[in-house]
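Q: Here's the letter readout for the chains.
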Amino acid sequence: MALRFDVPGSGPGGLPAARRGALVLERAGHQVRLETPSFIKYTRHGLQPHLLPDIVAGLGALPPATRVQLEDFLDNDEQQHGRFGGGLHDFAGVDRSDLLVLDVLDPTVTSRPAKSGAKAMAIDSEGGTRRLTPALFAELVDALKPDIVVPPADYVEEPLPSLEHGKRIEKSVTRSAQWLDECVSRISHAAAVFAPVMGSRSLQLRERYAKELAARQDVSGYVFNDVCLALPLEHKLDLVRHSLAHLDSTRPRYMAGASAPDAALRAVLSGIDLVDSSYPFAVTEQGFASDYALGGSDSGDGSAQAAGRLDLWQDAMRTDFRPLVAGCQCPTCARHHRAYIHHLLGAKEMLATVLLQVHNLHVYQRFFVDIRESMARGTLPGDAERFLGRYSCSQDEPGAAFGELRLLAAQITTPTTKIQRQRHAEQPAA
Amino acid sequence: MTTGDEFAHLGAPLESSTSPALRFEVLARCSTTRARASRMHLPHYTARTPMFMPVGTMGSIKGITPKQLEDLDCHVILGNTYHLGSQPGPELLEEAGGLHRFMAWGRGLLTDSGGFQMVSLLKLAKITEDGVEFENPHDGKMMMLTPEMSIGVQNAIGADIMMQLDDVVSSLTTGPRVEEAMWRSIRWLDRSIKAHKRPGEQNLFPIVQGGLDPALRTLSAQELVRRGAPGYAIGGLSGGEAKGAFWRMVALSTGILPTSKPRYCMGVGYAEDLVVCSALGVDMYDCVFPTRTARFGNALVRTGSLSLRQGRFRDDTRPIDSDCTCLTCANYSRAYLHTSVTRETTGCHLVTVHNIAFQMRLMRDIREAIVADRFPQFVRSFMETRFGRTVPLWIVQALQSVGVDLTTPDATGYVAAPIDSDFQKEPNV
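Chain order of the listed sequences is A and B.
Using full-length UniProt numbering, read the first sequence as starting at 1 and increasing by one per residue.
Using full-length UniProt numbering, read the second sequence as starting at 1 and increasing by one per residue.
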């Protein structure tokens with residue numbers, strides 16, 4: 001198996017900038033090709049949130065890449081690898097025309113009580129805290145046979161109580177490097193390794209770690225996972241750019257926690273190639289329908305446009321027999337109207353989130369097609385500026401639009417539950 | 001999924017009936033039992049019976065899209081008038097152009113009367129000659145559901161088939177209350193017929209009542225037949241009564257109801273019940289069981305059901321059913337479902353899809369066996385798979401009443417001994 005990244009060479013020096021590329025995997029018999037910038041499909045327990053495979057197929061050309069987080073499958077003490085059969089593609093029903101990325105952590109979860117130790121990453125699971133050692137990770141990779149792996153790393157918790165008076169970040173960098181070494185030497189399966197880029201807020205340690213990674217031939221890509229927590233986006237991207245300046249520019253770069261459209265756009269402008277689709281899931285969980293587009297005009301339904309989404313819980317939806325978004329080509333908008341989805345939400349029917357997720361994933365997919373087309377035309381910086389202005393996304397503070405991942409992280413429940421109903425009961429009728 | 005028309009090669013109907021909004025054509029009859037295979041032309045769809053109708057209480061089958069229901073070959077689905085009447089309400093449904101358009105479902109719909117929920121969900125329901133008086137769960141005020149109101153809401157919903165409001169008594173009730181309820185249900189039927197505003201577009205089915213009393217059931221069925229409805233329901237059963245009484249009441253009812261019209265046995269959905277009742281001449285069924293049990297991680301198979309959360313499935317790499325062609329069985333192992341089934345909504349949808357596919361395939365197998373006039377053989381082989389060599393007595397007796405004797409060996413050598421229990425305790429694996 002050979003994974004390669006085709007990207008136009010960017011010379012040394014200069015700031016990392018938006019770039020187009022393609023992640024290509026030659027599999028026996030066929031080629032998998034993922035055009036970047038793009039997203040990796042977010043899953044839970046290997047399943048698209050709310051969507052069965054036939055519905056996903058009806059969504060058309062989604063990017064051929066799926067991510068699975070190992071923590072979803074770690075709740076048993078003794079790991080039984082036999083159940084995975086022919087690997088994770090088969091086990092989780094992921095088509096072989098998809099690149100399968102095995103990460104450890106769920107990018108939508110930003111609060112993690114478990115603390116890692118010197119020898120193992122701690123994972124909160126339904127069965128209690130589990131210790132993921134590099135040895136166990138390697139065993140699981142050999143059983144699950146993913147195409148790309150993101151090895152465990154000692155992520156620094158945010159907010160950072162120990163930063164002021166300790167060597168927490170230094171310890172994290174040292175452990176992560178050891179774990180990476182151990183994983184790479186133990187894994188037999190020919191998976192491409194995407195290494196977490198560590199260093200937290202320390203510019204000095206980021207530089208040191210990036211240089212070490214850049215020198216490695218056994219690392220095929222980079223993951224920015226440690227900056228996905230509490231920092232403002234622009235601060236995170238400063239840290240990312242700082243690392244990128246020292247990394248091998250021919251390698252693909254995946255940033256977790258930059259899934260929202262404004263964040264993804266800024267990440268792409270900073271040279272990130274891949275994010276994941278946890279954002280549309282977060283939108284769905286609020287009972288919202290996405291309404292944004294890179295090249296969207298400012299005319300039309302002004303209020304929804306500025307918000308970037310439509311709240312299906314609103315009373316005004318009760319008798320609104322229009323599709324979620326006028327002109328939308330998704331299967332939900334082709335067949336259903338707002339009033340039906342409003343009814344399903346109020347009736348706690350699971351079909352509400354199914355129909356919303358179809359729409360939200362479609363809009364998200366369209367957004368990335370537009371980004372790539374805009375880059376091909378050479379108009380991305382201007383298009384991005386207009387987009388961020390239209391939805392009032394300021395540099396320093398999160399705007400009103402695209403905050404659904406923060407909402408989701410703060411919730412333990414889904415849209416058809418009491419908390420959501422209360423929230424909407426408290427709002428004055430629109 | 002197989003979705004083709006298994007009647008395509010058949011000629012003219014053996015018998016038929018025509019009502020303003022329903023044409024029923026019996027295309028094949030089993031030469032041994034009372035089973036028949038028929039087409040039911042409804043305003044929105046031509047269904048093939050015997051059929052099972054999944055229940056979509058609030059205007060959706062749990063997590064399954066209308067497109068998926070079409071792909072699963074569902075012909076008719078159910079909506080509950082009590083739930084739809086309170087949310088989204090008849091005014092909104094009327095404004096939307098009826099439930100078909102509201103939920104974007106182009107095939108058959110059937111609504112119940114709302115009476116069953118009154119009695120089963122609401123503690124304080126009181127039945128008078130006027131209707132069912134109940135406490136509104138939203139504001140605590142006393143409200144009344146009359147036969148006229150039920151029909152009014154059902155006319156707003158616009159289903160192909162509506163049910164009359166009946167005076168529901170538990171199938172365990174005995175004494176004069178059963179007779180009172182039977183006669184009142186007939187009076188309410190007459191009021192319902194008068195109140196029905198769209199007889200050219202919607203069918204009103206009366207409901208045979210009479211508890212477990214053969215004389216009352218007979219009277220009820222005869223009274224309903226005199227009124228000449230497009231089809232008939234058999235009600236007041238599936239409420240925890242002994243199965244021996246259940247099948248006798250079904251058989252008695254189908255024996256009186258006209259053979260040229262559809263018969264609908266309400267609340268029936270277990271596989272063995274579907275097979276037995278089809279042998280007794282029933283054409284339509286509904287039940288929440290297949291979709292509800294799916295949400296608890298139970299997958300239906302011909303031998304019973306698999307509780308996928310059990311530890312024994314953790315390393316089981318087989319699909320739920322290797323003969324099943326549903327998307328779940330095509331893509332996922334029992335081991336995978338074991339880890340995801342009750343944790344993710346998608347995992348729950350996977351089992352729901354399988355269970356609907358299971359019901360639809362069973363009904364298709366029943367129809368194909370009737371068409372090929374090998375239904376008795378199908379029944380025997382079904383019972384062998386499900387129960388092995390010991391079959392509940394009620395099933396043995398019900399089948400004997402229509403000429404299929406499981407206690408004598410057939411050409412395959414299969415023979416079964418009756419056992420006293422009404423249900424299967426352990427899956428026959």
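These are computed hints drawn from the structure, not numbers from a lab.
Glycine included, C-beta positions come from ideal geometry on N, C-alpha and C.
Don't take each hint at face value.
[Claimed, not checked] Using 27 Å as the maximum straight-line C-alpha spacing, the simulated DSS-like pairs for lysine-lysine come out as follows:
no.: 1; chain 1: A; residue 1: K171; chain 2: A; residue 2: K119
no.: 2; chain 1: A; residue 1: K171; chain 2: A; residue 2: K115
no.: 3; chain 1: B; residue 1: K141; chain 2: A; residue 2: K348
no.: 4; chain 1: A; residue 1: K119; chain 2: A; residue 2: K167
no.: 5; chain 1: B; residue 1: K141; chain 2: B; residue 2: K126
no.: 6; chain 1: A; residue 1: K348; chain 2: B; residue 2: K197
[Unchecked claim] Not close to chain A: a few residues of chain B, all C-beta gaps over 12 Å, as computed:
no.: 7; residue: F7
no.: 8; residue: G89
no.: 9; residue: A104
no.: 10; residue: I127
no.: 11; residue: R295
no.: 12; residue: D316
no.: 13; residue: N331
no.: 14; residue: V402
no.: 15; residue: Y414
[To be verified] Examples of chain B residues lying across from chain A (beta carbon under 10 Å, computed):
no.: 16; residue: K62
no.: 17; residue: G63
no.: 18; residue: H83
no.: 19; residue: P90
no.: 20; residue: R187
no.: 21; residue: L252
no.: 22; residue: S322
no.: 23; residue: T325
no.: 24; residue: A330
no.: 25; residue: S340
no.: 26; residue: V353
Q: For K348/A and K197/B, compute the direct alpha-carbon distance and say whether it is at most 27 Å.
A: Measuring from Cα to Cα gives roughly 32 Å; hence the hint is violated.
Q: Can T325/B be said to touch chain A, with a Cβ gap under 10 Å?
A: violated (13 Å)
Q: Quickly compare the C-alpha distance for K171/A and K119/A to 27 Å and report which way the hint goes.
A: holds (12 Å)
Q: Could you check if S322/B really has its C-beta closer than 10 Å to a C-beta on chain A?
A: Where the cut-off is 10 Å and the nearest Cβ of chain A is about 14 Å from S322/B, the hint is violated.
Q: Looking at D316/B again, its CB stays over 12 Å from all of chain A?
A: violated (8 Å)
Q: Check the hint pairing K171/A with K115/A against an upper bound of 27 Å on the C-alpha distance.
A: Distance ~13 Å between K171/A and K115/A Cα, so the pair holds.
Q: Measuring from the C-beta of V353/B to each C-beta in chain A, is the shortest one below 10 Å?
A: This interface hint holds because 7 Å falls under the 10 Å limit.
Q: Classify the hint on P90/B as holds or violated, based on whether any CB of chain A lies nearer than 10 Å to its CB.
A: P90/B check fails; min Cβ-Cβ to chain A is 13 Å, beyond 10 Å.
Q: Is the interface hint satisfied for A330/B? The criterion is a beta-carbon contact with chain A at less than 10 Å.
A: holds (9 Å)
Q: Minimum Cβ separation between Y414/B and chain A greater than 12 Å?
A: holds (35 Å)
Q: For the restraint on R187/B, tell me whether the closest CB of chain A is nearer than 10 Å.
A: violated (33 Å)
Q: May I ask you to check that G89/B keeps its beta-carbon over 12 Å from the closest beta-carbon of chain A?
A: Nearest chain A Cβ is 9 Å from G89/B, so the label is violated.
Consistency with the previously given hints fails for numbers 6, 8, 9, 11, 12, 13, 19, 20, 21, 22 and 23, ordered from lowest to highest.
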